[in-house]
Amino acid sequence: MIRTEEMLLNMGPQHPSTHGVFRIILKIDGETIIEAKPVIGYLHRGTEKLAEDLQYTQIIPYTDRLDYISAMTNNYVLCHAVETMMGLEIPDRAEYLRVIAMELGRIVSHLVSWGTYLLDLGATTPFLYAFREREAIINLINELCGARLTFNYMRVGGVKWDAPEGWIEKVRDFIPYMREQLAGYHDLVSGNEIFLSRVKGVGKYTKEEAIQYSLSGPTLRCTGVKWDLRKDEPYSIYNRFDFDVVTRETGDCLSRYEVRLEEIEQSLRIVEQAVEQFPAEGEILAKVPKIIKAPKGEAFVRIESPRGEIGCYIASDGKKEPYRLKFRRPSFYNLQILPKLLKGENIANLIAILGAIDIVLGEVDG
Amino acid sequence: MMEELLHSSPGLVNFGIFFLLGTVLLLVVLGFVTYAILAERKVLGFMQNRMGPNQLGGKWGLLQTAADVLKLLLKEDTIPKLADKPLFIIAPVIAFAPSFMVLATIPFTDKLQFADIGVGLLYYIAISGLTTIGAVTAGWASNNKYALLGGMRAAAQMISYEIPLVMSVLGIILLSGSLNLNDIVAAQADTAWFIFLQPVAFFVFLIAATAELTRVPFDLVEAESELIAGFHVEYSGFRWAFFMLSEYVYLFAMSALVTILFFGGWLPLPFLGFIPGAIWFALKFSMVVFIFIWFRATFPRLRADHLMEFGWKVLVPIALANIFLTALGKELFEYFF
Amino acid sequence: MSGEKDLDQLKKEAAAKAKAAALAKLQAKQQGQVATEAPKAPVEPPKTEVTTPEPTAAPADEKAKAAAAAKAKAAAAAKAKAAALAKQQNAGASETVNANVSSEEVPTASEPAGADEKAKAAAAAKAKAAAAAKAKAAALAKQQGTEGSEPAGDDEKAKAIAAAKAKAAAAAKAKLAAQGGNAAPAGDDEKAKAIAAAKAKAAAAAKAKLAAQGGDAAPAGDDEKAKAIAAAKAKAAAAVAAKAKAAGADAGATAVEATPAKPSPNQQYLDKYVKVIEEHLGSEVLEESYINKLSKDVPTLVVKKDTYFKIAEFLKYNEQLGFDYLSEIHGSDFETHMEVYVHLFSFKNRQSVALKVKIDRDQPVIHSIMPLWAGADWAECEAYDLLGIQFEGHPNLHRIMLGEEWVGYPLRKDYEQYDVEV
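Residue numbers (the UniProt record's numbering), protein chains in the order written: chain A, 1 to 366; chain B, 1 to 337; chain C, 1 to 422.
Treat the hints as calculated values from the structure; they're not laboratory data.
Here a beta-carbon is modelled for each residue, glycine too, at the ideal position from N, C-alpha and C.
Please note that the accuracy of each hint is not assured.
Among the chain A residues that face chain C by a calculated CB cut under 7 Å, a handful are [claimed, not checked]:
1. Gly41
2. Tyr42
3. Leu43
4. Met85
5. Gln212
6. Arg324
7. Lys326
8. Tyr333
Which stretches of chain A does chain C cover? Using the computed rule of at least three CB atoms under 8 Å from a CB of chain C, they are [said to hold, decoys possible]:
9. 44-56
10. 147-159
Cut-off 27 Å, straight-line C-alpha distance, at most; resulting in silico cross-link-like pairs (DSSO-like, lysine-lysine) [claimed, not checked]:
11. Lys348/C - Lys320/A
12. Lys226/A - Lys358/C
13. Lys340/A - Lys316/C
14. Lys160/A - Lys320/A
15. Lys49/A - Lys231/A
16. Lys313/B - Lys204/A
17. Lys207/A - Lys316/C
18. Lys226/A - Lys305/C
19. Lys231/A - Lys358/C
20. Lys320/A - Lys358/C
21. Lys49/A - Lys340/A
22. Lys207/A - Lys160/A
23. Lys348/C - Lys204/A
24. Lys348/C - Lys413/C
25. Lys200/A - Lys111/B
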């Protein structure tokens, strides 16, 4: 008389743990997932199409809205692409400001990732701690560029605003504070048995699978691939800093968590060195023409965003607008492995796995 | 006083007295719930580096919960079109009624108790188990998949954890020789608080009690980030308030029970007997409530299968071993002394 | 895509002009030799004296010029590029000698020339930010710069004069600079490039002359190489600057050896890829291959539509190539055609390659590479969704962003919104 039945569960686009408007159609047997089908596109704004009618400088605010958690790297990748095409030499001070801003952005991103991940796993407190530190960084960036989330800070050839008086000192003071908090995070969460049982061995994939699925960033490094564009294809002035590429071998959710937390520390190291080396004076914008025109041709550059490899492709016909602009959005590529990972897991693990991939829907949907 | 009343002949006056006392208890409990919620929010706020309610009713936000309740009462009552209407309506009542029923047996002091029945502990555990039915009914009647999953989780979890809960207190029953809660407190007056005599039982009981209350880290039933709100996802307004109310009344009842079973109820600390029993009870009780809130601020959520494993493979064997050791200890103690 | 071609064309034009100028000048010089007058051709006396090959820079340059001129007459138009570069250098060399007007002896003339190069390198190095790595080079350059600073000053003036005189050369240079995209650093780079290129040319020419005496055909090959080098140099401004510094530090003799070694840092990889592919799949499969200097010198392969999948497969599974990581795949609408751009990366070799294929715009169908790289799954869906490119063999091609009911393909250039109200 008893019969079991598979059930379709429509998770999202409004769901607390999908980090935005991500939808996933689950075929479940009890709580076990038989098949998962992600549906994206709810936040597609057509950035690339819009960009075809905009001048390069005008596109920068749009990049803020892709990965709105760490908009600095998005700003940079566009500017970097145009600069690479134009062969621009960026003033030192601008490069340092960029690196400091980007690394602070990376810390923010990993903090948000950490906090929301634990919120997904049912712990509310870490989220608030993470946002407390995030607030401190956001305030710093706010002083730098007058915005808290959509920075619109970088320009082709440099940055828009110089660091205000005493700002560098504030950044310097922030580093030890952040280190202390980071130790607190480990005390609070990293050793917790319940937490470990939720993430250890969950959502595992191998190095080969990670490469096959074009994963990048922490999702790639957690399998032991030592690959960080900051180190291996240095852009900007990253070759002037001493930092480690964080890797783990296991490729489970825990390793991704650990990689992110440790990358905060590495970013702090970079910021520390950048603050030390910060040139006392200098230009913040290279000599660029009023209206920026990338030379005819095409370019694809990629840099390391907190979520992985963010790329920018520009095909230019020599006009002031790009002929074609395309962003390689790491979240978009990273998310592809999800259906494979979810097969046979239960719903609680879905949350753990999805959270550990760390997507931003603005970026997934473009 | 209650004993006499219970044994007196029925009449209008007695009914009036019963009704009055019942209302008083209701108000006390509602007052507790109101301020327990506020306390929880304040304590969580303190632990999480934020303010908590601080606008309504002075800087402590003393009227915040009252306003919340008012809002819930005034809210539109929505019932999904395809829900099983009768069940949907009755589910909050099923969940809520037992939570008040269990309060009857709890002795707040040696004087203040409503029903001093011989099997008070058994009564408590038996009645509290009924709430599960409310949760499952709500989950089923909502015609919502998340609610259904939540209801199923609730059934599995509450039944699994009822067992270690009961078994952990068996040691206490062995030591005190009674299921009557007054007798259990009295036994602690003779020897020591049972937390010292039965530490293992205490931890098992505390864990199982947290699971019974479906509080963090065992809040899988309503797991916000997984099942959105679990079995009460479709409820709103005062129906939803009833679920919340029953949850907090259980928090009240369970904390009182822990106080009685392990902390000696209203018994004072040595040399501090001049402080009335009610205050002692309130202090110990508040401490237990605080522990529950503390848990909530600290732990992430368990996974459903781990929860089951933990209940059956860890807590039940430990509770069993505890019973065995207690019995052995008691026999040896009696044999030698 | 076509940027590269256009660049070549521009170059050819510039080269052609420059060549004409060079010929004119040569004639003028020949006349000048007879007349032995005019500040226009003060270079000649040393030149006439030098008939035997010497390793020093200046005479070699003269020879290079002669060789270039001689060759230019016989050689095809394509070679004119190198000639133009050599010509530029000649202008520079003549200035140098101009600065030392009185000196008739070859060694004295050659020495300041070397120092001058150094000075220029130093100037370029100074213009750059003083990075840790660069600091060393700068220090070296400075050391030498102190020796050569005086001639450099003279040289500046002399050059201004000479530049005004040699209008054709200036025009060609301006054109090249314009291609370079910006003025200030490009100027330095141009200089450095011209120097380095001329050195290579000089070496090649010196060899050529020797070889010509020996009656060998080899110099043509050398010229080809030198030209390729010069061209590659023009592409990577930063790389050139670094190299010029290195060359400047090492002085003339070593430059002869250094320059043919590495034209663009990635040229060797491109050559390797092309070689391996052509060995295994035949020479017909590739439409074009070049270094995309705008895109951090990424080796770019343009393949034919029907060989696209085969080459992609080969790139992934070949032992020597092993491009196991798909970094990016997307389509573009170029109005005349569609294009699919694939950026691959090899973790084994730590090398990138860009793979491009042009497809028909009216029937944009291409084989899916998702069977090779699972990461291409969604990206191909996106290209399908926004551009309407059909990927054959993709197991789940759907409109990933806009939904199946969307009308039209927004990223096409002729897209018009179906729902006009919005």
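Item checked: Arg324/A as an interface hint toward chain C, with CB separation required under 7 Å -> With a minimum Cβ separation of about 4 Å from chain C (threshold 7 Å), the hint on Arg324/A holds.
Item checked: chain C contact restraint on Met85/A - CB to CB distance below 7 Å -> Holds: closest Cβ of chain C sits about 5 Å from Met85/A, inside 7 Å.
Next item on the list: Verify the proposed pairing of Lys231/A with Lys358/C, using a straight-line Cα cut of 27 Å.
Entry: Violated, at roughly 34 Å.
Item checked: Satisfaction of hint between Lys340/A and Lys49/A, Cα-Cα up to 27 Å -> Violated, because 31 Å separates the two Cα atoms, which is more than 27 Å.
Item checked: Proximity test - 8 Å, beta-carbon atoms, the segment 44-56 of chain A to chain C, at least three hits -> holds (count 4)
Check: Going by Cβ atoms only, is Tyr333/A closer than 7 Å to chain C?
Finding: holds (6 Å)
Check: Would the pair Lys348/C and Lys204/A pass a check requiring their Cα atoms to be no farther apart than 27 Å?
Finding: Within the cut-off at roughly 23 Å; holds.
Notebook entry, point to check: Holds or violated: Lys160/A with Lys320/A, Cα cutoff 27 Å?
Noted result: holds (19 Å)
Next item on the list: Quickly compare the C-alpha distance for Lys226/A and Lys305/C to 27 Å and report which way the hint goes.
Entry: violated (35 Å)
Check: Between Lys348/C and Lys413/C, does the CA-CA distance stay at or below 27 Å?
Finding: With Cα atoms ~39 Å apart, Lys348/C and Lys413/C exceed 27 Å; violated.
Margin query: With the threshold set at 27 Å, check whether the alpha-carbon distance from Lys313/B to Lys204/A stays at or below it.
Written below: holds (26 Å)
Notebook entry, point to check: Given the proposed pairing of Lys207/A with Lys160/A, does the C-alpha separation stay at or below 27 Å?
Noted result: Distance of about 40 Å is beyond 27 Å: violated.
In terms of the numbered hints stated before, the structure departs from hints 2, 3, 10, 11, 12, 15, 18, 19, 21, 22, 24, 25, listed from lowest to highest.
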